[in-house]
Amino acid sequence: MLLEVSDLTIEILTPTGAERVVNGGSFTLDEGESLGIVGESGSGKTMTSLALMGLTPENALVSGSIRFEGQELVGLGEEEMRALRGDRIAMVFQEPMTALNPLHRVGAQVAEPLILHRGMTKAAAGARAVELLEHVRLADPARAARSYPFMLSGGERQRAMIAMAIGCSPRLVIADEPTTALDVTVQARILELIDGLRAESRMALVLVSHDLAVIAGHCDRVVVMYAGAILESGPVEAVLTRPRNPYTRALLEARPRPGARRGDRLKTIPGSPPLHHEAAQGCPFSPRCPLAIEVCGRAPPPEIKFGSERMSRCHRARELDERS
Amino acid sequence: MKQASRPRPPRGASLWIGAALVGALLAAAAISFVWTPYPPAAIDIPHKFAPPSAAHWFGTDSLGRDVASQLLAGSRISILVGVVAVGIGLIFGVAFGLVAAFSRGVIEDAIMKASDFLFAFPALLSAIMLTSTYGPGVVNAIVAIGVYNAPVIAKLTRATANSVLAREYALAARAAGRGPLAIAFDHVLPNIAPSLIVQATIQFAIAILAEAALSYLGLGAQPPQASWGRMLAEAQNVLYNAPRLAVFPGVAIALSVLGLNLLGDGLRDALDPKLRARS
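If you're matching them up, the sequences are chains P and Y in order.
Residue numbers for the first sequence follow this note's numbering, beginning at 941 and rising by one.
Residue numbers for the second sequence follow this note's numbering, beginning at 100 and rising by one.
Just so you know, the hints here were simulated from the structure itself, not pulled from any lab data.
Some hints could be false.
As the list claims (entries may be wrong) - If you want the ones that stay clear, here's a sample from chain Y, every Cβ over 12 Å from chain P, calculated: (1) A258; (2) P279; (3) V287.
As the list claims (entries may be wrong) - Pairwise CB distance ranges (calculated): (4) V238(Y) - E998(P): 37 to 43 Å; (5) P997(P) - A258(Y): 16 to 22 Å; (6) A258(Y) - S1248(P): 50 to 56 Å; (7) V346(Y) - P997(P): 54 to 60 Å.
Unchecked claim - Quick look at which bits of chain P chain Y covers, simulated, 3 or more residues with Cβ under 8 Å: (8) 1021 to 1030; (9) 1179 to 1187.
Backbone N, C-alpha and C define an ideal beta-carbon position, used for all residues, glycine too.
Chain Y with its partners taken away, still in its complex shape (with noise of 0.2 Å):
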């Protein structure tokens, strides 16, 4: 009966490190919006590349800008771009993915076939297509991750959709006379809601990611929007002369999507009737 076991963290931990992570990632973007310890644009090339210390917390970069204030700025657009292309995700993901699962037949089809086709794409290149065709800018970063998003919600809308229609309950509401839209708001959105919220914490992390790619490589924020994309693109200019400059904004991006990954992690044990169960 006696199981070899590991230590295991505590159940939930990972849904209590990942909210701390993305806690203090909303924290800091509410805060930068009244207080930042200097104006995150400001000069000042007499203290450029200035190693940390009480006055600059994180040190300065090569034109004298203050880090700290820049990672706390940069934050904002991070959440902009995440919630925003998520949103847009989940509005077109969820009325395509629904749609196609009551419709069936070609409409069904139809809909698969295009999100494939999207999803065919990959994120960063087509998010270039879009930048590079109709400007770079923080704007079109967020409606090109967004148009990624929409098909893996989508599909997963549509999937468990289906099996939710295939339950015995939809049936039964089919059967008291009830139409579509009722079915889909009452029976069917909220038993997906569940495996949606997980899913768009992991899109959150991902469009992140894609922001901060694009920043990078320039099609993102310009300046003098600070975006943590972009303090690593300067930061490779002078990488062998402040490696920190690099660093930082790195940590933070990485700080960001490992929290909201393990917000989605613990999120879908503690919504998973079945994990809750075996508790």
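Extracted from the complex, chain P is given alone in its bound form (with noise of 0.2 Å):
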């Protein structure tokens, strides 16, 4: 196994007290897999993205365990983390106007982890860089190498963005809605490029995304967060199919639907997420669930699993299995 994420909670130190943005999340990844993160904004999944990086702010505190290639990073030294940050794991940002810095060419920021961790000198991680431009499909990358990040588009930015994270072959990359700055017509290619790039080198991806048709033409595996917890996890296919979770049908149904008419109401989930996931009693989705029984507000949900692949943590997911 590649990556094996257990219980992992992340909880935020703030003055007025603790607050938990990652509540025991589990997952696993193996080489070549691909891992959607669906989530609505506060979820908790960037910070879990982050976490895997061990780029958390420094007021958060990170418990569980993260074992990336047997080791341990959770508890990790900074000097060590470092050490396979930009190699062995790398990350794709969503904001290719703010990810580059704008006074470096692209071509050396590019070759910056070339030149950290492969000890490469100047001019060879240069052409190097080049050539990773190039695999990455930039029209022109000897001029895109000498372009200041101003000067490129933002399709082409993101192109160099994932240029600069595979530099070093990493075995996991991280990619937090990598598209979601995108145009959808620059947003379907670049998923291709990163999509041709794993199936070239069997690197792991973990795909952050709040868009469910992102995740469904990308990914091999699901997780669905919901304030701070995994409620269900499962084949992609599967799990937004035949949804064990209300939350995840909730998500389904509030997609737009091609072919709806003209003053079709576009359907939502009601109430907002809950601001402080402070240790709530329940299940955190129960307030909006229109499923939610007298025990929902109670007792927290347990895991069900459906054979070895899928989980749902709901009270009622075993009717909901039944009933689809």
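Join these two chains into a complex; the hints should help.
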């Protein structure tokens, strides 16, 4: 197993007390596999991906276990973590506008991890950077390498970010909303590029997104997060066609559908996610859940397993199973 | 759509006027090393209080010294104090500001509280304290002004560095495995340099004023060293006989400070990408 996350809990320490933003998350990822993490803003998906990189903010307290290639990352020293970052684990960020330093040439930024982790000379890394930019199918890689970020389009910048991430052939790439800031057509091409790179090097991918369609098209398995908790997980197709958690269902129903008539209202989930995830007694989704019963507000939902692959955290998961 | 518009100076005017004034100041200092009309400290009692003439452009003072020569030579002290005091401020201020921004928590608090403490003292008061403890003189004046500059720069550095560190490219650099030193020099410093440069020119102006004030009080440059502040102090005794002796160094100080402030303003406009994009 490439990555094994178990019981990951992240608390943000604020002057008014600790706030739990990720609550006991567990998932695994195999070599070459891709995992989608889906959830609303504030569901803890970004915090989870930052924890994988050891980049949670200073006031965050991470507990539980993250094993990567057999090595425990929780509590690992900054020095050792730094050796992994950009080398074995790499990250692609959401905003290609701001994730590249405006004052450095793109080629130099792509070359950075190579100099750092591979001990390449500046010249060798620069030449390799042009190859990488070509590999991510930038039209004129030599020109792109000489450019400053503002001279490139959003899609080109995101390709450069990807080139920077794959430079050292990482085993795991974490992409946090990599296409959210891009046009739909550019988005599709960037995702295809990531798929292609993954196929040729068998690197694993964690794709964080709020977009179910993106997850459905590009991931093997999916984890659905709500208010810091993983409410459902399993193979993408099964989860998105036969959800066994009311939250996943509500999310699917809230998608805009092709063929909807004018005047049809988009379905939404009434209410809003809880602002503070203090150790709520019951299920975090119960106040908004159409299927909530008395026990939901009282006791935390148990993890109910369906086979070896699927899990739903819901008191009524078995009933949902029978219905679908 | 039409707006009542006041006539405005063309864009960049302050940059060029400021640069010209500062250039003139630097030129005066440079020339004074190789040539002054008379030796600045040469006393010539028979010709005391001479009015401006072809022989003495700005006249002579109560001891018959040539005012123009003293002004030229005095610019050296102003520049020396400005450069070294701002240099001290930059070195310590940037170092402490960066450490504060990167360390967060207790160390950041300690550094910021310490600079608040230094900052709370009026600059002149702490300068007087230092020079009266360690004796008057240019070196002590420079140290005193430099010590005052450091917290100003430290606060600016920390604030701007924090905003750079909050950018995604700083996080991306960490995600690429880079350490704090590399991030500080490659990502933070280049991005905060424009604000530091602007602040440095303003601190330079303040340093010139502070040197003049200290020398005026007798705590800075000592005779026979020429200094604009000392010229003012000496002119005060004979203000009713020869008011021009106070006017010349006063105008020199005012023009230098004005020039540096205009230059700082102009640089801020020129270096601010947001202002540039709007034009």
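At least three residues with a C-beta closer than 8 Å to a C-beta of chain Y: is that true for the segment 1179 to 1187 of chain P?
violated (count 0)
Holds or violated: 37 to 43 Å for the Cβ distance of V238(Y) and E998(P)?
holds (41 Å)
Given a hinted range of 54 to 60 Å, is it respected by the beta-carbon distance of V346(Y) and P997(P)?
Once the Cβ atoms are compared, 59 Å apart, the range 54 to 60 Å for P997(P) and V346(Y) holds.
In terms of Cβ atoms, is chain P entirely out of 12 Å range of A258(Y)?
For A258(Y), whose nearest Cβ neighbour in chain P is about 18 Å away, the distance exceeds 12 Å, so it holds.
Does the Cβ-Cβ separation between A258(Y) and S1248(P) fall within 50 to 56 Å?
Holds, at about 53 Å.
Given the range 16 to 22 Å, decide if the beta-carbon distance of P997(P) to A258(Y) lies inside it.
holds (18 Å)
Hey, does V287(Y) actually stay past 12 Å from chain P on C-beta?
Incorrect as stated: the minimum Cβ-Cβ distance to chain P is 10 Å, not above 12 Å.
Over 12 Å to the closest beta carbon of chain P is the bar; see if P279(Y) clears it.
violated (9 Å)
With a C-beta cutoff of 8 Å, work out whether three or more residues of the segment 1021 to 1030 of chain P approach chain Y closely enough for the coverage to hold.
This one holds; 7 residues, not fewer than the three required, reach chain Y with a Cβ under 8 Å.
In summary, the structure is inconsistent with hints 2, 3, 9 from the numbered list given earlier, while agreeing with the others.
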